[in-house]
Amino acid sequence: MMVKEIERAGIDVVHVANMTAVSKSIGANRILKAYSIPAAMADLNATPAIQRQQRYNLMSRALEILNTDIKEQTVFE
Amino acid sequence: MKKVIMYLNQFYGGVGGEEKADYEPELVEGTVGPSIALSEMLEEGKVIYTIICGDGYMASHTEAALDKIGELLEGVEFDLLAAGPAFMSGRYGVSCAEVCNYIHKRYQKPTVTCMYEENPGRELCQQDKDMYIVKGHNNGAGMRKDLKQMTNLSDKLMKGEEILWAEKEGYFPRGFRWQIVLPEERTSAKRAVDMLKKKIAGEDYHTELPISVEEKIPIAPPRDGAKSRVAFVSTGGLVPIDNPDHIPSASSTRFGRYDLSGQTVLKPGEWKSVHGGYDQSYANEEPMLAMPLDALRRLEKEGKIGYLHPWFYTTTGNQTNRVNSVRMAKEIVEYLKADNVDVVIFGSA
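Residue numbers (my numbering), protein chains in the order written: chain A, 1 to 77; chain B, 78 to 426.
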């Protein structure tokens, strides 16, 4: 609900979420699959160094998605 | 005597709380927790097996979880699946919906689940002839009543009785239309005039043809992050260690706004998660699993993010209702607009 409301205000949103089906049903347009519920931004079993890289890759991916032309609600894995 | 299978999450299945959210599907012979009560209330059948699965496992490994349930049910004969009630728990509601969809597709058996109207699982349950979501309460205090409603509908299904319309039976409308003769003679003309009279008198009236108003927000064109002003907003429940704004663990009505100027990392011990819907220990050990500040700073430094808004906005997405979500988002938008932010990366648990 918050994502949709922020988009309604004219601010573009990339929604990083684990439950992408929920995100889609609520109405997010650009959706990026997160790692898990308790640890959205990296694999909780990975080493700190790998997690750091995963976070960076995930946020880089979010920026790519922001810059991707889509015609309908899209989930990026 | 008909045979019922019941699906429960790890909590109601008695396995454990959040620390057991990754629990893989298990088939228990007979009844556990709510399936004991359901089985006792049923007239037409008994619960013969209870499936228990962690909400986190179902959410993160849906396909594997459903495959496992399929394996566990190999050779098991049953007549109906009951799932939940899931109340306002988003993950549990989604799990119930996934399991109902899977069971109905694979075995063509009727499914009955139950959840609160704002549960996101509602939207995910397929709308098929034999699939019902009973209107449930928003927390466990309504367990007994919810189970009773599930029982009534399940008994009717197993008896092969006619299931009447949604309002009459207490399930959420599924959008099917069919012809029936009403018990008392009230033609559509009479009903329409009654409705009109009520409308003129300023009384409550209910349309028989509700029109869905769920609107889509137009998709924004591509945007270059390097030329954007970016903010990070989260419903993951991450707050400063002393939780100065008293952000609640569930049903949040407020958000926190924290200045990260000059900071490049979030340090363990200075932040914690208050989210009551997942195991917080990972985020407590490494707050950047919820808010990736180091990555955002690095992208800002590399010029891939034009400008990073210095404030971090955070609340708890756990069981937070629509009204409060919309209001908090509007309040956050005011802050963002004041700094000409044009992009939000939004992190959810």
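Honestly, the hints are just simulated from the structure, not real lab data.
Idealized CB from N, CA, C, for every residue including glycine.
Don't take every hint at face value.
[Stated by the list, open to error] Just some of the chain B residues that point at chain A, by a computed CB distance under 8 angstroms: (1) Ala136; (2) Asp356; (3) Glu363; (4) Gly424.
Each hint tested on the structure:
Interface restraint check for Ala136 of chain B: the shortest CB-CB distance to chain A comes to about 5 angstroms, inside 8 angstroms, so the restraint holds. Using the Cβ-Cβ criterion of 8 angstroms, the hint placing Asp356 of chain B at the interface with chain A is satisfied: the shortest such distance is roughly 5 angstroms. The interface hint given for Glu363 of chain B holds, since its Cβ lies 7 angstroms from the closest Cβ of chain A, which is under the 8 angstroms cut-off. For Gly424 of chain B, the suggested interface contact is upheld, since its CB lies about 5 angstroms from the closest CB of chain A, less than 8 angstroms.
Of the numbered hints stated above, none is contradicted by the structure.
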